[in-house]
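Engineer: Next come the chains, spelled out residue by residue.
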Amino acid sequence: MPAAEVAIEVEGLTKSFSGKVVVKNLSMRVMKGQIYGFLGPNGSGKTTTLRMLCGLLTPDSGKGTALGYDIRTNSDAIKRRVGYMTQRFSLYQDLSIRENLEFVARVYGLDAPEQRAREAITRLGLNGREEQLAGELSGGWKQRLALGACILPQPSLLLLDEPTAGVDPKARREFWAEIHKLAAEGMTVLVSTHYMDEAERCHEIAYIAYGTLLAQGTIQEVIAQSRLVTYTVSGPDVAELAEKLAKAPGVDMVAPFGASLHVAGRDEEALEAAIAPYGREPKWTWVRTPPSLEDVFIDLMSASKDNFQ
Amino acid sequence: MSTLAQGWRSGALMRAWAMLVKEFVQLKRDRLTFGTMIFIPVVQLLLFGYAINTTPRNLPTALLVYEDNDLTRSVIAALSNTSYFHMTHVARTEAEMDHWLRSGTVLFGVEIPPGFERSVRRGDRPAVLVVADASDPVAAGTALGALEGVISTALGRDRGIPETVQSVPAFEIRQHRRYNPAAVTSLNIVPGLLGTILTMTMLIFTALSVTREIERGTMESLLAMPIKPLEIMLGKIAPYILIGFIQAALIVVFALVLFEVPIAGSLILLALLSTLFIAANLSIGYTFSTIAENQLQAIQMSFMFFLPNILLSGFMFPFAGMPRWAQWIGEALPLTHYIRITRGIMLKGATMQDLVAETLALAFLMLVAMTIAVRRFRRTLD
Ligand SMILES: Nc1ncnc2c1ncn2[C@@H]1O[C@H](COP(=O)(O)OP(=O)(O)OP(=O)(O)O)[C@@H](O)[C@H]1O
Ligand SMILES: [Mg+2]
Chain A
0 MPAAEVAIEV EGLTKSFSGK VVVKNLSMRV MKGQIYGFLG PNGSGKTTTL RMLCGLLTPD
60 SGKGTALGYD IRTNSDAIKR RVGYMTQRFS LYQDLSIREN LEFVARVYGL DAPEQRAREA
120 ITRLGLNGRE EQLAGELSGG WKQRLALGAC ILPQPSLLLL DEPTAGVDPK ARREFWAEIH
180 KLAAEGMTVL VSTHYMDEAE RCHEIAYIAY GTLLAQGTIQ EVIAQSRLVT YTVSGPDVAE
240 LAEKLAKAPG VDMVAPFGAS LHVAGRDEEA LEAAIAPYGR EPKWTWVRTP PSLEDVFIDL
300 MSASKDNFQ
Chain B
0 MSTLAQGWRS GALMRAWAML VKEFVQLKRD RLTFGTMIFI PVVQLLLFGY AINTTPRNLP
60 TALLVYEDND LTRSVIAALS NTSYFHMTHV ARTEAEMDHW LRSGTVLFGV EIPPGFERSV
120 RRGDRPAVLV VADASDPVAA GTALGALEGV ISTALGRDRG IPETVQSVPA FEIRQHRRYN
180 PAAVTSLNIV PGLLGTILTM TMLIFTALSV TREIERGTME SLLAMPIKPL EIMLGKIAPY
240 ILIGFIQAAL IVVFALVLFE VPIAGSLILL ALLSTLFIAA NLSIGYTFST IAENQLQAIQ
300 MSFMFFLPNI LLSGFMFPFA GMPRWAQWIG EALPLTHYIR ITRGIMLKGA TMQDLVAETL
360 ALAFLMLVAM TIAVRRFRRT LD
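Chains as they are written, first to last, in numbering that gives the first Met the number 0: chain A, 0 to 308; chain B, 0 to 381.
This is chain A alone, in the form it adopts within the complex (with noise of 0.2 Å):
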């Protein structure tokens, strides 16, 4: 890889809300053109290291830059370059879509901000529906509409927080296109997201839980790092197998997979150790497969419980 430029650094990050620690400690680097995605169970403190970025959250220690601008005093600078998509709508719902457009293109002191408002609706497909207001519209017209308005002042950075959820298949694709499109073009997109297929599309990932960087890096990186081993397993039954392997020592993860079911932990021996009585059953089917990126989420998850307890 080239000398890449680096757009978001930041190191030993710590946030807390009344006495409970929400991040802790956190580092990462994210360099200018990627797209770089932010995963973690519910309340592991996405949302809260978004805002601590774009300066809407003081960060209580540690440090940071993002665009180059020091995140503690020059959150100013930051929000002239930065679109933040909150997790819940945010725009004005008793707006139109047009009112809420120039809006925004007027606030970060766009020229002509009626006919940028309007280029952002023939973008986001709103044609005709321009008068609509913003509270009257869908679940995933008003994420679309929340995104166009992010993009609309063209910013260096883009901090996403879940903005597919609720968005349909077929726009969710449409979005990840327009994503890498602009990332192409050279803008830093830092998204949070539950969905794997999404994470999938990232140039690099973190997961976060329970206010800890677990792993990050490329998905290939955050798989090896884990160290997981899986076995998928097809034939009859296999919920019943489910239930007896789950106890097994040496197992740390089992999860159903439609009809088959992946079996994975991080001790190679012990896992085929628990295995072995009934690899030698001739209904199942045993495969050593490698592990998938949800697997590796899964186990995480679930040892990092065991930490928080």
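These are computed hints drawn from the structure, not numbers from a lab. In this text, a Cβ means the ideal position worked out from N, Cα and C, and glycines have one as well. Each statement offered as a hint is correct.
Dumping the calculated DSBU-like pairs for lysine-lysine here, alpha-carbon to alpha-carbon at most 30 Å:
{"id": "1", "chain 1": "A", "residue 1": "LYS282", "chain 2": "A", "residue 2": "LYS246"}
{"id": "2", "chain 1": "B", "residue 1": "LYS227", "chain 2": "A", "residue 2": "LYS141"}
{"id": "3", "chain 1": "A", "residue 1": "LYS19", "chain 2": "B", "residue 2": "LYS27"}
{"id": "4", "chain 1": "A", "residue 1": "LYS141", "chain 2": "B", "residue 2": "LYS235"}
{"id": "5", "chain 1": "A", "residue 1": "LYS243", "chain 2": "A", "residue 2": "LYS282"}
{"id": "6", "chain 1": "A", "residue 1": "LYS31", "chain 2": "A", "residue 2": "LYS141"}
{"id": "7", "chain 1": "B", "residue 1": "LYS227", "chain 2": "A", "residue 2": "LYS62"}
{"id": "8", "chain 1": "A", "residue 1": "LYS62", "chain 2": "A", "residue 2": "LYS31"}
{"id": "9", "chain 1": "A", "residue 1": "LYS169", "chain 2": "A", "residue 2": "LYS141"}
{"id": "10", "chain 1": "A", "residue 1": "LYS62", "chain 2": "A", "residue 2": "LYS19"}
{"id": "11", "chain 1": "A", "residue 1": "LYS180", "chain 2": "A", "residue 2": "LYS31"}
{"id": "12", "chain 1": "A", "residue 1": "LYS180", "chain 2": "A", "residue 2": "LYS169"}
{"id": "13", "chain 1": "A", "residue 1": "LYS141", "chain 2": "A", "residue 2": "LYS180"}
{"id": "14", "chain 1": "A", "residue 1": "LYS31", "chain 2": "A", "residue 2": "LYS169"}
{"id": "15", "chain 1": "A", "residue 1": "LYS62", "chain 2": "A", "residue 2": "LYS23"}
{"id": "16", "chain 1": "A", "residue 1": "LYS31", "chain 2": "B", "residue 2": "LYS227"}
{"id": "17", "chain 1": "B", "residue 1": "LYS21", "chain 2": "A", "residue 2": "LYS19"}
If you only want the chain A side, here are some residues facing chain B, beta carbon under 7 Å, derived:
{"id": "18", "residue": "THR57"}
{"id": "19", "residue": "ARG87"}
{"id": "20", "residue": "SER89"}
{"id": "21", "residue": "VAL106"}
So the derived list for chain B, only partly shown, Cβ under 8 Å to chain A, looks like this:
{"id": "22", "residue": "ALA223"}
{"id": "23", "residue": "MET224"}
{"id": "24", "residue": "PRO225"}
{"id": "25", "residue": "ILE226"}
{"id": "26", "residue": "THR379"}
{"id": "27", "residue": "LEU380"}
{"id": "28", "residue": "ASP381"}
With chain A fixed as given, assemble chain B with the ligands onto it according to the hints.
Structural biologist: For chain B with the ligands alone, coordinates are given in the frame of chain A:
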């Protein structure tokens, strides 16, 4: 006994009970509202109970005296002894006295003419002139009624002079009710109402503006955009200045047409200072909005602020009759100054020169409110 009816009743009661429990829990969580519900009524009862006085005494009075001798001194002492007149200012010229009356600095002017003592001794029966600002008929009325006894008290002290010359007093006191000689109540009330109505509507306009953004969740987006607290405030206040101005214009038109309130002074001056007053109230409402945590609190604050505005501003009860501490509270309210402005311009023909102090006070209160608002505005979600 119908089990159906009982079932319905217990069901309805259960549901109402569920609602009641929920409301109490929510109420308990909102500490500030809970506090204001218990504490503020008591404070206001004490405040207004002690502050309001409908037969005001010790009213500020300006003196214009051309000679200093026993007789003039005993006339002044007799006036003071009524306990209604409190000599606060000494004027050198008639113009100065008029200025104080127009600006509302004093409620009365007492002029003892040159050569007063000689005229009395000669039996010329000179007149002491008592000019009253009768724009507030209540405040002026009782005091003027007490003038009757003044002559005999004054002469009783100064023995060298016969009390009466052929059964008429040795001098007379001529009353002059200015600005509202016929004591028409509406002339006094309507200019005050203009300010009171504006206060109420302007406060509510802006008091909800920030809390609304927070409650609807739009604040998160707004804070992430490159817009500064001062810019947000100006943008939120400005539209209502226009609305307030239209409101004020309507009230003035009705005051002229229906209540036949005159506008003795400049209409342009009234418009300018009304705009300042509107902006001051909008700023205060906006300040509440930045302090309150939700819309209910913002409305509560506005009401808590509105009540002293009505009671301590001189709108309902004479300002001069209140104790000193209550007057200081009154001075901190924009309405107090605006009522002096409207009564001054509409009834007394006051000019900018007469109203400099009130204008500065309004501008000061507005700037204080704006400063607090900009500093209180939370720029983060912490
Ligand atoms: N303003 C706040 N006050 C108190 N606690 C908060 C606040 N905001 C967030 N938290 C807590 O911080 C933790 C992390 O919340 P955050 O919203 O960052 O999680 P998340 O990863 O975005 O979760 P999700 O996937 O559900 O959106 C949660 O436990 C939450 O309760
Ligand atoms: Mg979140």
